[in-house]
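Each chain, letter by letter, is given below.
There are 6 protein chains.
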Amino acid sequence: MPYVNIKVTGGNEAPTPAQKAELIAGVTKLLQDVLNKNPATTVVVIDEVEMDNWGIGGKTVSQLRANKT
Amino acid sequence: MPYVNIKVTGGNEAPTPAQKAELIAGVTKLLQDVLNKNPATTVVVIDEVEMDNWGIGGKTVSQLRANKT
Amino acid sequence: MPYVNIKVTGGNEAPTPAQKAELIAGVTKLLQDVLNKNPATTVVVIDEVEMDNWGIGGKTVSQLRANKT
Amino acid sequence: MPYVNIKVTGGNEAPTPAQKAELIAGVTKLLQDVLNKNPATTVVVIDEVEMDNWGIGGKTVSQLRANKT
Amino acid sequence: MPYVNIKVTGGNEAPTPAQKAELIAGVTKLLQDVLNKNPATTVVVIDEVEMDNWGIGGKTVSQLRANKT
Amino acid sequence: MPYVNIKVTGGNEAPTPAQKAELIAGVTKLLQDVLNKNPATTVVVIDEVEMDNWGIGGKTVSQLRANKT
Chain A
1 MPYVNIKVTG
11 GNEAPTPAQK
21 AELIAGVTKL
31 LQDVLNKNPA
41 TTVVVIDEVE
51 MDNWGIGGKT
61 VSQLRANKT
Chain B
1 MPYVNIKVTG
11 GNEAPTPAQK
21 AELIAGVTKL
31 LQDVLNKNPA
41 TTVVVIDEVE
51 MDNWGIGGKT
61 VSQLRANKT
Chain C
1 MPYVNIKVTG
11 GNEAPTPAQK
21 AELIAGVTKL
31 LQDVLNKNPA
41 TTVVVIDEVE
51 MDNWGIGGKT
61 VSQLRANKT
Chain D
1 MPYVNIKVTG
11 GNEAPTPAQK
21 AELIAGVTKL
31 LQDVLNKNPA
41 TTVVVIDEVE
51 MDNWGIGGKT
61 VSQLRANKT
Chain E
1 MPYVNIKVTG
11 GNEAPTPAQK
21 AELIAGVTKL
31 LQDVLNKNPA
41 TTVVVIDEVE
51 MDNWGIGGKT
61 VSQLRANKT
Chain F
1 MPYVNIKVTG
11 GNEAPTPAQK
21 AELIAGVTKL
31 LQDVLNKNPA
41 TTVVVIDEVE
51 MDNWGIGGKT
61 VSQLRANKT
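Chains as they are written, first to last, in the UniProt record's numbering: chain A, 1 to 69; chain B, 1 to 69; chain C, 1 to 69; chain D, 1 to 69; chain E, 1 to 69; chain F, 1 to 69.
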């Protein structure tokens with residue numbers, strides 16, 4: 001019955017459908033292995049966050065990526 | 001003053017504007033009826049989650065819907 | 001498959017177990033009535049938030065309640 | 001190490017990239033000033049919520065904005 | 001830079017500190033393996049939800065556990 | 001009408017009531033200054049997360065703090 005929310009950067013860094021499926025399968029298995037949770041009722045939601053909307057160190061990811069170029 | 005977040009599948013399963021309004025009115029009334037909460041400050045946010053981004057039973061909803069066809 | 005999160009004030013304003021059960025039954029039924037969602041996989045999580053930890057209008061609820069006395 | 005999530009209305013009320021950067025810088029500085037939190041590991045995520053998907057007082061923001069016209 | 005939130009039932013079903021550490025290590029590694037995300041900035045928050053506060057199928061987990069006895 | 005959620009470590013690192021009030025006042029003012037949001041309907045929720053339940057770099061904060069001693 002666990003609920004998992006995974007937030008990652010989207011846009012040109014967004015995971016592919018296959019990668020999303022792999023994340024969902026992987027975290028569901030992890031909860032089964034570690035806590036014996038029933039996979040049938042484990043819910044996972046992935047949010048893709050635009051790089052303008054994600055900040056770390058007081059900067060948006062857009063600003064950080066631009067500085068790297 | 002309650003805050004409610006409702007996550008449902010989006011894409012071709014997304015609720016219509018009228019259904020969203022009905023959900024918001026309904027959950028606001030529920031909080032008033034059960035807990036006597038003031039509707040004026042009850043906040044509701046609906047998130048529509050893409051079917052690739054929602055998992056249950058270790059599969060994405062996209063995979064589950066495809067299996068049903 | 002919807003996921004619902006309800007945040008309300010806790011402490012001496014916390015809902016009773018019976019009220020929590022009523023909220024969970026009510027919002028699950030609402031999603032079935034409005035969107036035809038399957039109750040069996042509708043997940044609801046209630047968070048009780050301490051009055052020092054909830055703010056509205058730039059004040060904590062503790063401050064607002066104290067002002068009312 | 002704090003994590004901050006800010007939800008605001010999107011669509012034609014969405015913040016500009018410059019405003020988002022200002023919010024992220026501002027809340028990161030606030031956490032440093034008040035709690036001495038390390039800006040380097042302060043994470044901020046901004047969600048823009050469509051006006052059909054945000055409710056207050058039992059109405060969607062779309063309904064409220066239409067009433068004002 | 002991903003952010004992960006894991007909600008599980010608490011009380012007498014709460015994970016031990018060692019299990020929490022295993023979940024955090026496991027999901028951080030999963031994000032590195034699948035998406036090449038930097039573990040140093042991967043943030044994970046685990047919420048333990050009381051059984052009165054978690055609902056599935058329109059019932060609280062407390063009600064469901066009581067029915068099983 | 002914005003909604004803000006701030007998660008910080010709790011336990012012996014938990015903010016005092018005065019610091020929480022300062023965070024709530026500060027972030028409400030920030031949203032007014034940057035986006036002209038109405039403070040009266042700005043909602044802020046602070047979550048205090050136990051150090052066993054917060055992970056960064058694949059370790060719990062409890063493990064990281066212990067390593068520092």
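Be aware that one or more of the hints could be misleading.
Stated by the list, open to error - In the DSS-like style, the derived pairs of lysine-lysine whose C-alpha atoms are separated by at most 27 Å in a straight line are: (1) F:Lys-59 <-> C:Lys-59; (2) C:Lys-68 <-> B:Lys-68; (3) A:Lys-37 <-> F:Lys-37; (4) F:Lys-68 <-> D:Lys-59; (5) A:Lys-59 <-> E:Lys-29; (6) D:Lys-37 <-> B:Lys-37; (7) F:Lys-68 <-> A:Lys-37; (8) D:Lys-68 <-> B:Lys-37; (9) F:Lys-68 <-> D:Lys-68; (10) F:Lys-59 <-> D:Lys-59; (11) A:Lys-37 <-> E:Lys-59; (12) C:Lys-68 <-> F:Lys-68; (13) C:Lys-29 <-> D:Lys-59; (14) E:Lys-59 <-> C:Lys-29; (15) E:Lys-29 <-> A:Lys-29; (16) D:Lys-59 <-> B:Lys-29; (17) F:Lys-37 <-> D:Lys-37; (18) E:Lys-29 <-> C:Lys-37; (19) E:Lys-59 <-> A:Lys-68; (20) E:Lys-59 <-> D:Lys-37; (21) F:Lys-68 <-> B:Lys-37; (22) F:Lys-37 <-> B:Lys-29; (23) D:Lys-37 <-> E:Lys-37; (24) A:Lys-68 <-> D:Lys-68.
Stated by the list, open to error - Every beta carbon over 10 Å from chain E, so not counted as near; a handful from chain A, in silico: (25) Pro-2; (26) Asn-5; (27) Lys-7; (28) Thr-9; (29) Asn-12; (30) Pro-15; (31) Pro-17; (32) Gln-19; (33) Gly-26; (34) Asp-33; (35) Ala-66.
Because the hints were derived from the structure by calculation, they are not lab data.
Note that the structure is predicted; figures quoted are calculated from it, not measured.
Even for Gly, the Cβ is constructed at its ideal location relative to N, Cα and C.
Consistency of the hints with the structure:
no.	hint	verdict
1	F:Lys-59 <-> C:Lys-59	violated, 35 Å
2	C:Lys-68 <-> B:Lys-68	violated, 57 Å
3	A:Lys-37 <-> F:Lys-37	violated, 43 Å
4	F:Lys-68 <-> D:Lys-59	violated, 51 Å
5	A:Lys-59 <-> E:Lys-29	holds, 25 Å
6	D:Lys-37 <-> B:Lys-37	violated, 35 Å
7	F:Lys-68 <-> A:Lys-37	violated, 33 Å
8	D:Lys-68 <-> B:Lys-37	holds, 25 Å
9	F:Lys-68 <-> D:Lys-68	violated, 57 Å
10	F:Lys-59 <-> D:Lys-59	violated, 43 Å
11	A:Lys-37 <-> E:Lys-59	holds, 18 Å
12	C:Lys-68 <-> F:Lys-68	violated, 46 Å
13	C:Lys-29 <-> D:Lys-59	holds, 20 Å
14	E:Lys-59 <-> C:Lys-29	holds, 11 Å
15	E:Lys-29 <-> A:Lys-29	holds, 13 Å
16	D:Lys-59 <-> B:Lys-29	holds, 11 Å
17	F:Lys-37 <-> D:Lys-37	holds, 26 Å
18	E:Lys-29 <-> C:Lys-37	violated, 34 Å
19	E:Lys-59 <-> A:Lys-68	violated, 51 Å
20	E:Lys-59 <-> D:Lys-37	violated, 40 Å
21	F:Lys-68 <-> B:Lys-37	violated, 46 Å
22	F:Lys-37 <-> B:Lys-29	holds, 26 Å
23	D:Lys-37 <-> E:Lys-37	holds, 23 Å
24	A:Lys-68 <-> D:Lys-68	violated, 46 Å
25	Pro-2	violated, 5 Å
26	Asn-5	violated, 5 Å
27	Lys-7	violated, 4 Å
28	Thr-9	violated, 7 Å
29	Asn-12	holds, 13 Å
30	Pro-15	violated, 6 Å
31	Pro-17	holds, 12 Å
32	Gln-19	violated, 5 Å
33	Gly-26	violated, 4 Å
34	Asp-33	violated, 8 Å
35	Ala-66	holds, 16 Å
The earlier numbered hints that this structure contradicts are 1, 2, 3, 4, 6, 7, 9, 10, 12, 18, 19, 20, 21, 24, 25, 26, 27, 28, 30, 32, 33 and 34.
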